[in-house]
Amino acid sequence: MKTYWLTLNSLLVVSLLFFPLNSWSEIDPGLEADIIKLEKKLKKLEKKDKKRNKSLNKKFNRHLDRIKFNGFISAGIASSDVDAEHVTLIDDTKNYQADAVIGFQGTFTINPKTQAILQFVARGIDRHNVEAEWAYISHSFTPDFTVRGGRLRLPTYNISEILEVGYAYPWIRPVPEVYNQAPFTSYYGVDFYFNKPFIFGSDILFQGMNGTDVITIGDITLVAETMYGLYVNISKGPLTIRGGALVAASSLDLGDPSDLISDFGGLLTDAAALPPEQKAEFDEQLASLFTFSSLTTEFYSFGVLYDDGNLFFHAEAAKLRQLGIIPNNVSYYITMGRRFNKLMPYTIFAKQYTIDDIIFGKVTGPYIAPLANAIGFDALEHATYSFGLRYDIMSGTTIKFQLDHLTAFDKTRGNFNSIPGNDAQIFTLSVDAVF
Amino acid sequence: MRTLTLHYLRLLTITSIAIFNFTFTGYALADIAIIVHRDSPLANATPEEISKIFLAKTKTFPNGQKIKLLDLEEGDETRDKFYKAVANKTPSQVKAYWSRLIFTGKGQPPQVLIDSEEIIEAIEEDPNGIGYVDPEAITDSVKVILTIQ
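Protein chains in written order, with our numbering: chain A, 1 to 435; chain B, 1 to 149.
Since the hints were made in silico from the structure, they are not lab data.
Fair warning: this is a prediction, and the values are worked out from it, not measured in the lab.
In this text, a Cβ means the ideal position worked out from N, Cα and C, and glycines have one as well.
Watch out, some of these pointers could steer you wrong.
[To be verified] Quick list of simulated restraints, FRET-style, between CB atoms: (1) B:Lys-84 / A:Lys-48: 37 to 47 Å; (2) A:Glu-225 / B:Glu-124: 52 to 62 Å; (3) B:Glu-136 / A:Glu-32: 40 to 50 Å; (4) A:Glu-298 / B:Glu-136: 35 to 45 Å; (5) B:Gln-111 / A:Asn-53: 14 to 24 Å; (6) B:Glu-73 / A:Ile-241: 30 to 40 Å; (7) A:Pro-29 / B:Asn-128: 52 to 62 Å.
[Unchecked claim] Dumping the calculated DSS-like pairs for lysine-lysine here, alpha-carbon to alpha-carbon at most 30 Å: (8) B:Lys-59 / A:Lys-196; (9) B:Lys-59 / B:Lys-81; (10) A:Lys-236 / B:Lys-68; (11) A:Lys-196 / A:Lys-236; (12) B:Lys-59 / A:Lys-68; (13) A:Lys-236 / B:Lys-66.
Only chain A is shown next, with the shape it has when bound in the complex (with noise of 0.2 Å):
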């Protein structure tokens, strides 16, 4: 009975391990054929699905190409030892707004020729109140000429249309010998640039524009009637080698007569005190004062850029000429560094000075600086002697430190609003990324 039991126990389970394949075997094969048939219909139409996601992908990276977001941040902390205030708002209280700047930018490619950019640029200087640094439409007639219209930033020197991408340059900030010479950044008109090869395998660009701009200072206010501009750049490999012109024709209108009252009672009574030459031209000078209505401005540039990734030398000169009574100015700059992996000392020597002996630069008291400093018709001179330290945290954001020591007055200002002393140190510390 029992061996009975485990026989038929035996050819249930080899019936039960049996059946699956006997029933598969069984399958009709007109059915496995459509099987194979649908599998590759399933097949085809997953092939036919990722080509339209490609196909719709590519269609909505090429609207995304269209507009484009960049932004740029710089935060820092400044202080000088002397109470005298910086060209920069430094003074000796620590200052968080000297360096603090926000910016914005969107590019609308409008067709494959035209875009429209927008930038927007909050200074800690101004409480972060916003402006717009750029606002332009420009067309590509080729690849290498374009044509721009709007708002736009003057090109007078090497860094002067990315005064505020602290990322984007070495040091702190751009050198205010030179860089705060122009008292025009932004101007409404139009400009050109052209680019080609050139001699030697060298590239060749010429940048020119047209413009007009109205800044005011106090109850000052400055109205560059029309500005124009020629600069060309030549550069091979590491070098490059650019100079150029600025010419603006400006009216001044210096506000309410009667205030300026006041202030002319205590600069005539420092005058009264001059040797009788002196003051002769003194009276000639202060008349003109009063009776000049357009000013003609020059600035002359030229530079000489060496950046080979390692090591950089930068070195910049500019002349600022005025064709009435405020005092012609001459500065440079030089500037090298060594870049050691992600740290790089640099160095600057920059210096400013006064070409003409004007006699406004030279007559101290309580009234005529505030107002010859606020028209910046005084006399300047000092050297500045900087040393820094840049280290890239990472790939689009770098910690800077600087070191200014500002010396060689000569009994002027300075980049001061009043004589500081022998000499003056600020030390700024930033961080200066960009998105």
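Starting from the known structure of chain A, fit chain B onto it as the hints suggest.
Just chain B now, with coordinates in the frame of chain A:
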């Protein structure tokens, strides 16, 4: 003793060959191929020319067509090696360089793709494309105009 010395010398030679081969293979793997479309008029290029192209100083091919730059993502090892080799620039320097072009409205950085395969695919579809890839990924549809280490 002599046999032992011979064995030792043989072992030393084999080890040296192995080290040499390993090093050689290592360099071979580190190669970067700069590629264009099979039908591109550009047959070859120098590192200086490639540097000018990838820094947007040269914007057109010899036939006048506008160059379409294809780049790898930031942080990609091949990308870092590529810019160091052709332009002697670190990733931060490349970023600073493009910042200058972006914020003056004079340029936008290249289109970024994930890997060599994507770059090759993009060049297959766009005859004006140029990119740098791992040589092992190269197909017949593209042309190598420069190989750098």
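Hints, one by one, checked against the model:
The given range of 37 to 47 Å is respected by Lys-84 of chain B and Lys-48 of chain A, whose C-beta atoms sit roughly 43 Å from each other. Restraint check, Glu-225 of chain A to Glu-124 of chain B: a C-beta distance of roughly 56 Å satisfies the suggested window 52 to 62 Å. For Glu-136 of chain B and Glu-32 of chain A, the Cβ-Cβ distance of about 41 Å falls inside the hinted range of 40 to 50 Å, so the restraint holds. At roughly 60 Å, the beta-carbon separation of Glu-298 of chain A and Glu-136 of chain B lies outside the given 35 to 45 Å, and the hint is violated.
In this structure the supplied range 14 to 24 Å holds for Gln-111 of chain B paired with Asn-53 of chain A, their Cβ-Cβ distance being about 19 Å. Remark: the range hint 30 to 40 Å for Glu-73 of chain B to Ile-241 of chain A is upheld by a beta-carbon distance near 35 Å. Separated by about 54 Å at the C-beta atoms, Pro-29 of chain A and Asn-128 of chain B satisfy the suggested range of 52 to 62 Å. Distance hint between Lys-59 of chain B and Lys-196 of chain A is fulfilled; the C-alpha atoms sit about 10 Å from each other, no more than 30 Å.
Between Lys-59 of chain B and Lys-81 of chain B, the direct Cα distance comes to roughly 23 Å. Compliance with the 30 Å bound is thereby established for this hinted pair. Only pairs whose Cα atoms come within 30 Å are accepted, and Lys-236 of chain A paired with Lys-68 of chain B is accepted, the gap being roughly 23 Å. For a cut-off of 30 Å, the pair hint linking Lys-196 of chain A to Lys-236 of chain A stands: about 12 Å separates their Cα positions. At roughly 20 Å between alpha-carbon atoms, Lys-59 of chain B and Lys-68 of chain A fall within 30 Å of each other, so this suggested pair holds.
Note on Lys-236 of chain A and Lys-66 of chain B: the hinted pairing holds, with a Cα-Cα distance of about 22 Å set against a maximum of 30 Å.
Against the hints set out earlier in the document, a violation occurs for number 4 only.
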